[in-house]
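Q: Please put together the full structure from these sequences, using the hints given.
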Amino acid sequence: MADDPSGRDGGDPPARFRLRLAGPADAVALKGLVDSAYRHYIPLLGRMPKPMLADYAAAVDRHDVWLLEDADGIAAILELADHGDQLWIENVAVDPSRQGRGLGRWLLGLAEREARRLGRTELGLLTNERYLANIALYERHGYRETRREPYQGSDLVYFRKTLQG
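Letter 116 of the sequence shown, counting from 1, is numbered 116 in my numbering, and no numbers are missing.
Among these hints, one or two may not hold up.
Label-pair restraints from in silico Cβ distances [what the hints assert, rightly or not]:
no. : residue 1 : residue 2 : range
1   : E129      : L53       : 13 to 21 Å
2   : H40       : P150      : 21 to 29 Å
3   : G142      : L118      : 14 to 22 Å
4   : R16       : Q152      : 37 to 45 Å
5   : A25       : P150      : 32 to 40 Å
6   : A25       : E145      : 36 to 44 Å
7   : A25       : R140      : 32 to 40 Å
8   : Q164      : M48       : 36 to 44 Å
9   : E149      : L44       : 16 to 24 Å
10  : G119      : G32       : 33 to 41 Å
11  : P96       : R140      : 19 to 27 Å
These aren't lab readings, by the way, just hints derived from the structure by calculation. Virtual Cβ for every residue (Gly too), placed ideally from N, Cα, C.
A: In structure tokens form, the structure reads like this:
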């Protein structure tokens, strides 16, 4: 297993974690992880974040939802939607007790590997303008802002990353 949790090595999940695609039986656990990962944004936004409102049974049916798990359960998720011209990162969420260990960065690397495997040259995602740490993370990883769109009292910020080689 890889020691580099950033995904730069292009290889295996971080030590002690297992990577697998979610199935229908995982929908409830996915919803629980996403709710705990995004709950702290409710006071910042004054409402529930969009990922907390998603239907995870439908997400598993329509998209590739990758799970990073260990003996304690699901640690992080990555939801990817193939839009034909680009691979869209619908959601990256890390259990709050496991944040700060590079799991989100590793999952961004997985998204790049999946995009290349599918022959896509571009990744896209959006976040809220108030999620400053997330915006900084995406910019550090080569994502560039493409537009903003008003949404329930704040702006959604759209990002794109063009993959080289």
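Q: Now tell me, hint by hint, if it's right for this structure.
A: Against the structure, the hints:
no. : hint                      : verdict
1   : E129 <-> L53: 13 to 21 Å  : 18 Å, holds
2   : H40 <-> P150: 21 to 29 Å  : 23 Å, holds
3   : G142 <-> L118: 14 to 22 Å : 18 Å, holds
4   : R16 <-> Q152: 37 to 45 Å  : 39 Å, holds
5   : A25 <-> P150: 32 to 40 Å  : 38 Å, holds
6   : A25 <-> E145: 36 to 44 Å  : 37 Å, holds
7   : A25 <-> R140: 32 to 40 Å  : 35 Å, holds
8   : Q164 <-> M48: 36 to 44 Å  : 37 Å, holds
9   : E149 <-> L44: 16 to 24 Å  : 18 Å, holds
10  : G119 <-> G32: 33 to 41 Å  : 34 Å, holds
11  : P96 <-> R140: 19 to 27 Å  : 21 Å, holds
No hint from the list above goes unmet by this structure.
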